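Top to bottom, those sequences are chains P and H.
Position 243, counted from 1, in the first sequence is what our numbering calls 243; the numbers after and before it change by one each time, with no gaps.
Position 62, counted from 1, in the second sequence is what our numbering calls 62; the numbers after and before it change by one each time, with no gaps.
Just so you know, these hints were derived from the structure itself, not from any lab.
As the structure is a prediction and not an experimental result, all values here were calculated from the model.
One thing to keep in mind: the hints can contain errors.
To be verified - Okay, derived cross-link-like pairs now, BS3-like style, lysine-lysine, Cα gap no bigger than 25 angstroms in a straight line:
no. : chain 1 : residue 1 : chain 2 : residue 2
1   : P       : 56        : P       : 79
2   : P       : 193       : H       : 90
3   : H       : 88        : P       : 193
4   : P       : 108       : P       : 59
5   : P       : 197       : H       : 52
6   : P       : 133       : P       : 193
7   : P       : 172       : H       : 123
8   : P       : 172       : H       : 114
9   : H       : 46        : P       : 231
Claimed, not checked - Pulled a few chain H residues facing chain P out of the computed Cβ check, cut under 8 angstroms:
no. : residue
10  : 6
11  : 21
12  : 24
13  : 66
14  : 118
15  : 122
16  : 126
Even glycine gets a Cβ: it sits at the ideal position worked out from N, Cα and C.
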Amino acid sequence: MRLFTKKSTFIVFLTVLILIVSFLFISKLKFIPLNILYPFQYSVNFVIGTFDSSLKLLKDKKELINKANKLELENQKLKLEIIKYQNEIENMKKIMPIISFVDKYQIKDYTIAKVIGFSPDNWNRFFYIDKGKNDNVKIGDLVISNGYLIGIVEVVGSYSSEVMSISDRNFKISVRTRKTQEICFFQGLGNRKGILKYVRPEQDIRVGDILETTAVNSEALEGIPIGIIRKIAPKEGEFFREVEIETFYYPYNLNYVLVIKR
Amino acid sequence: MIYCLKYILFGLFLIVIQSTVIFNILGFVIIPDIFLVYLFWLSITKEENILKTVSFIGGMFLDTLKPDFSFINVFSYFSIAFIIIKFKEKIVISNFLIRFFLISFLSCYLIFFKEIEIYVESKIISIDYSQIVFYYITNLAMMYFIYYYELFLSENYV
């Protein structure tokens with residue numbers, strides 16, 4: 001009984017001691033269970049998370065592919081738009097000289113046309129433009145490129161027209177020299193060439209002078225350059241002089257032209 | 001007529017190709033006369049009547065494309081068809097030199113007619129030698145190519 005009493009007293013004492021110690025140090029020992037729990041909790045959470053995201057990924061895969069395809073399509077469309085606008089800018093750059101020419105000469109009735117073809121043989125020098133009767137183009141309208149006269153509309157279709165270039169040997173127009181204002185008669189002479197006909201010996205014609213259109217005997221707009229005088233030679237046995245002209249018509253860089261309506 | 005319709009349409013298609021901007025974009029100095037080369041090909045492979053019909057209609061189409069209507073293309077291409085028919089045997093059988101002269105003659109014949117036409121219309125004699133030389137060389141090269149290509153095909157695949 002005594003022993004029991006002692007033993008029970010010891011247990012009580014120990015219990016009280018543990019309680020006191022726990023009470024005093026419990027707040028400082030709280031991290032221990034946390035540290036013990038953490039790896040388990042983390043592992044379980046990680047496994048669940050991975051499993052969950054894997055499931056989600058599998059579920060959204062189709063949707064993601066669809067989204068990616070849609071974005072790719074959008075990307076291609078945007079690239080196409082960029083190319084389209086770049087082409088527009090290029091075309092605008094080509095049209096700008098025409099617009100400045102229109103401003104300079106204060107032309108009111110005009111249209112901008114694109115060259116769509118050339119004469120199928122090498123002896124006739126005419127070309128086709130994409131404007132015709134529907135755009136009010138008429139026979140005799142002047143065709144201008146880069147500020148120079150390059151031809152006159154000869155045949156008009158509903159949607160296109162045929163233009164005789166100034167290099168064609170059937171092209172004839174009255175012109176004047178820019179410096180000396182002498183009136184002459186111009187005729188085409190093949191590739192980038194022309195001649196002045198019926199030039200009298202007393203007429204002041206100079207090499208390097210520019211030829212331009214005149215309103216004399218024609219309905220042409222005045223002062224549009226045609227070509228430059230390259231050679232003057234007296235024709236043996238003839239009264240008139242022979243004058244060679246280099247025209248400004250060059251078919252290889254023709255793209256957009258200005259059609260001035262009469 | 002219906003039998004040779006496809007040859008006529010193809011001939012007209014070649015003329016349309018000649019009148020597009022293709023050769024200018026490619027930077028050709030002259031426009032190659034592919035219609036003439038086509039007539040040459042017809043002469044060595046097809047019947048004479050097809051050649052005559054195609055040359056006549058093609059010439060007519062070329063004339064309508066000009067601002068002033070003259071029958072110069074009808075006349076020159078139609079007569080060239082007769083010349084080819086006349087010398088067809090010689091072109092096929094004879095040696096390289098005679099063939100060269102005959103093919104050259106075809107180009108020169110057309111050049112002569114075109115220059116005459118220009119002179120009659122404009123009263124100016126101005127011969128563009130570079131244009132004539134390039135035209136002649138291109139025709140010669142294309143006709144020789146067609147001739148040997150046809151020969152190669154007939155020897156190997158017929």
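A quick look at each hint next to the structure:
| no. | hint | in the structure |
| --- | --- | --- |
| 1 | P/56 to P/79 | violated (33 angstroms) |
| 2 | P/193 to H/90 | violated (41 angstroms) |
| 3 | H/88 to P/193 | violated (40 angstroms) |
| 4 | P/108 to P/59 | violated (67 angstroms) |
| 5 | P/197 to H/52 | violated (42 angstroms) |
| 6 | P/133 to P/193 | violated (30 angstroms) |
| 7 | P/172 to H/123 | holds (12 angstroms) |
| 8 | P/172 to H/114 | holds (20 angstroms) |
| 9 | H/46 to P/231 | violated (52 angstroms) |
| 10 | 6 | violated (21 angstroms) |
| 11 | 21 | holds (6 angstroms) |
| 12 | 24 | holds (6 angstroms) |
| 13 | 66 | holds (6 angstroms) |
| 14 | 118 | holds (5 angstroms) |
| 15 | 122 | holds (4 angstroms) |
| 16 | 126 | holds (5 angstroms) |
Consistency note: the structure conflicts with the earlier hints numbered 1, 2, 3, 4, 5, 6, 9, 10.
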